[in-house]
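Trainee: These are the residues of each chain, in order.
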Amino acid sequence: MKYKLVRISKFSGNEASIYTLLTENEQGEFQDSLFDTFINENTILYLSEIKNIFSRLTTIGNDTGARESFFKTKEGVPGDGVCALYDSPSKKLRLYCIRYGTELIILGGGGPKNVRALQDDKKLEAANYFLRWLSIKITECRQNGDLSFSTDFMDFEGDLILKDYEE
Amino acid sequence: MKNKAEEYNSSIIDEIFESISPKEEKRIKSKMILAAKIEDAMKSKGWNRTKLLKATGQKNASVATKWFSGTHNFTHDTLFNIQEALGIDLLNTNETTEEVVVKYHIVVDSVPTHLKQSNWRKTTNSRKSQFPSQIHSFNTSMIIAEA
Chain E
1 MKYKLVRISK FSGNEASIYT LLTENEQGEF QDSLFDTFIN ENTILYLSEI KNIFSRLTTI
61 GNDTGARESF FKTKEGVPGD GVCALYDSPS KKLRLYCIRY GTELIILGGG GPKNVRALQD
121 DKKLEAANYF LRWLSIKITE CRQNGDLSFS TDFMDFEGDL ILKDYEE
Chain Z
168 MKNKAEEYNS SIIDEIFESI SPKEEKRIKS KMILAAKIED AMKSKGWNRT KLLKATGQKN
228 ASVATKWFSG THNFTHDTLF NIQEALGIDL LNTNETTEEV VVKYHIVVDS VPTHLKQSNW
288 RKTTNSRKSQ FPSQIHSFNT SMIIAEA
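Residue numbers (our numbering), protein chains in the order written: chain E, 1 to 167; chain Z, 168 to 314.
Be aware that a few hints might be false.
Unchecked claim - Result set (DSS-like, lysine-lysine): computed pairs, CA atoms no more than 25 Å apart in a straight line:
no., chain 1, residue 1, chain 2, residue 2
1, Z, K169, E, K72
2, E, K74, Z, K218
3, Z, K190, E, K91
4, Z, K221, E, K137
5, Z, K221, E, K92
6, Z, K198, E, K72
7, Z, K169, E, K137
8, E, K10, Z, K190
9, Z, K196, E, K92
10, Z, K193, Z, K233
11, Z, K218, E, K10
12, Z, K171, E, K72
13, Z, K171, E, K91
14, Z, K169, E, K163
15, Z, K193, E, K92
16, Z, K233, E, K74
17, E, K92, Z, K190
18, Z, K210, E, K92
19, E, K4, Z, K204
20, Z, K193, E, K10
21, E, K72, Z, K218
22, Z, K204, E, K51
23, E, K51, Z, K221
24, E, K10, Z, K196
25, Z, K196, E, K72
26, E, K113, Z, K169
27, E, K163, Z, K171
28, Z, K233, E, K4
29, E, K10, Z, K210
30, E, K91, Z, K193
31, Z, K193, E, K74
32, E, K137, E, K123
33, Z, K204, E, K2
34, Z, K198, E, K113
35, Z, K221, E, K91
36, Z, K221, E, K72
37, E, K72, Z, K226
38, E, K51, Z, K196
39, Z, K210, E, K51
The hints are simulated quantities; they were obtained by calculation from the structure and are not laboratory data.
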């Protein structure tokens with residue numbers, strides 16, 4: 001299966017770029033993004049949380065940058081940058097991301113977290129482990145020169161299609 | 168030349184954006200900027216979280232994580248304590264006066280005092296050339312041409 005890195009223009013600004021991935025369908029076309037899927041799955045039950053996430057991402061992109069304090073870090077393995085965006089203390093919706101400094105984040109999927117460990121929720125586990133794979137894949141692509149950061153570290157450049165993910 | 172990422176948007180993203188009230192967006196932005204301001208002030212003072220918590224009388228170490236997350240709803244007393252500890256302004260209660268700049272175009276008609284005689288007008292034209300720059304005191308009339 002193939003994925004394509006794209007930049008979400010509505011959130012991105014002078015302080016940070018917000019990316020997500022388009023997934024390839026059976027016809028070989030890239031369609032709905034992981035973030036769109038996250039919204040579609042959670043809008044009915046968690047609309048206020050989704051709106052909160054939208055406003056937070058807009059502020060990150062345009063005003064504050066992706067400060068480490070805004071994210072729950074260490075959601076993956078050491079050094080892979082997998083984290084979750086903090087939501088309101090009383091809320092439970094998790095959105096997993098990969099954070100590259102304060103300049104760039106990739107939005108993945110997520111869902112409501114009602115369990116102590118994410119491994120206890122198959123959906124959350126899948127969303128989280130996909131980003132762990134993605135982080136490793138991006139590191140490999142950067143090492144072999146297929147993918148790089150722009151000089152201001154706010155964008156990816158090169159071959160933006162990533163493949164070979166196996167669940 | 169290296170490929171750049173495609174700009175992406177979708178109808179669902181647009182739809183959610185349109186449903187967010189400007190007031191709500193501003194409230195969330197304000198919380199995040201406040202958190203960033205406190206964290207920046209702490210770092211510029213060379214302090215770590217432990218030192219800030221000690222200076223503000225907090226005992227629970229996880230409080231700092233909440234403060235800096237940009238989601239915390241601070242109480243007045245907490246903000247006051249942080250403000251005093253870091254020497255920054257978080258609760259500005261002074262009334263602000265808006266500075267208004269009004270520009271006037273003023274035309275000044277000046278006549279040296281020793282020429283201010285009953286017949287000065289008659290002699291002005293002939294003497295003007297003798298006093299090109301000797302202005303000691305003035306008989307002044309002002310015309311405010313434009314406000």
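Trainee: Compare the structure with each hint and give your call.
Mentor: Status of each hint after checking the structure:
{"no.": "1", "hint": "Z:K169 to E:K72", "result": "33 Å, violated"}
{"no.": "2", "hint": "E:K74 to Z:K218", "result": "24 Å, holds"}
{"no.": "3", "hint": "Z:K190 to E:K91", "result": "20 Å, holds"}
{"no.": "4", "hint": "Z:K221 to E:K137", "result": "43 Å, violated"}
{"no.": "5", "hint": "Z:K221 to E:K92", "result": "30 Å, violated"}
{"no.": "6", "hint": "Z:K198 to E:K72", "result": "17 Å, holds"}
{"no.": "7", "hint": "Z:K169 to E:K137", "result": "19 Å, holds"}
{"no.": "8", "hint": "E:K10 to Z:K190", "result": "18 Å, holds"}
{"no.": "9", "hint": "Z:K196 to E:K92", "result": "20 Å, holds"}
{"no.": "10", "hint": "Z:K193 to Z:K233", "result": "20 Å, holds"}
{"no.": "11", "hint": "Z:K218 to E:K10", "result": "38 Å, violated"}
{"no.": "12", "hint": "Z:K171 to E:K72", "result": "29 Å, violated"}
{"no.": "13", "hint": "Z:K171 to E:K91", "result": "36 Å, violated"}
{"no.": "14", "hint": "Z:K169 to E:K163", "result": "19 Å, holds"}
{"no.": "15", "hint": "Z:K193 to E:K92", "result": "22 Å, holds"}
{"no.": "16", "hint": "Z:K233 to E:K74", "result": "16 Å, holds"}
{"no.": "17", "hint": "E:K92 to Z:K190", "result": "23 Å, holds"}
{"no.": "18", "hint": "Z:K210 to E:K92", "result": "30 Å, violated"}
{"no.": "19", "hint": "E:K4 to Z:K204", "result": "36 Å, violated"}
{"no.": "20", "hint": "Z:K193 to E:K10", "result": "16 Å, holds"}
{"no.": "21", "hint": "E:K72 to Z:K218", "result": "22 Å, holds"}
{"no.": "22", "hint": "Z:K204 to E:K51", "result": "24 Å, holds"}
{"no.": "23", "hint": "E:K51 to Z:K221", "result": "35 Å, violated"}
{"no.": "24", "hint": "E:K10 to Z:K196", "result": "16 Å, holds"}
{"no.": "25", "hint": "Z:K196 to E:K72", "result": "18 Å, holds"}
{"no.": "26", "hint": "E:K113 to Z:K169", "result": "39 Å, violated"}
{"no.": "27", "hint": "E:K163 to Z:K171", "result": "18 Å, holds"}
{"no.": "28", "hint": "Z:K233 to E:K4", "result": "34 Å, violated"}
{"no.": "29", "hint": "E:K10 to Z:K210", "result": "31 Å, violated"}
{"no.": "30", "hint": "E:K91 to Z:K193", "result": "20 Å, holds"}
{"no.": "31", "hint": "Z:K193 to E:K74", "result": "29 Å, violated"}
{"no.": "32", "hint": "E:K137 to E:K123", "result": "21 Å, holds"}
{"no.": "33", "hint": "Z:K204 to E:K2", "result": "41 Å, violated"}
{"no.": "34", "hint": "Z:K198 to E:K113", "result": "24 Å, holds"}
{"no.": "35", "hint": "Z:K221 to E:K91", "result": "29 Å, violated"}
{"no.": "36", "hint": "Z:K221 to E:K72", "result": "23 Å, holds"}
{"no.": "37", "hint": "E:K72 to Z:K226", "result": "21 Å, holds"}
{"no.": "38", "hint": "E:K51 to Z:K196", "result": "12 Å, holds"}
{"no.": "39", "hint": "Z:K210 to E:K51", "result": "31 Å, violated"}
The structure is inconsistent with the numbered hints 1, 4, 5, 11, 12, 13, 18, 19, 23, 26, 28, 29, 31, 33, 35 and 39, although it conforms to all the rest.
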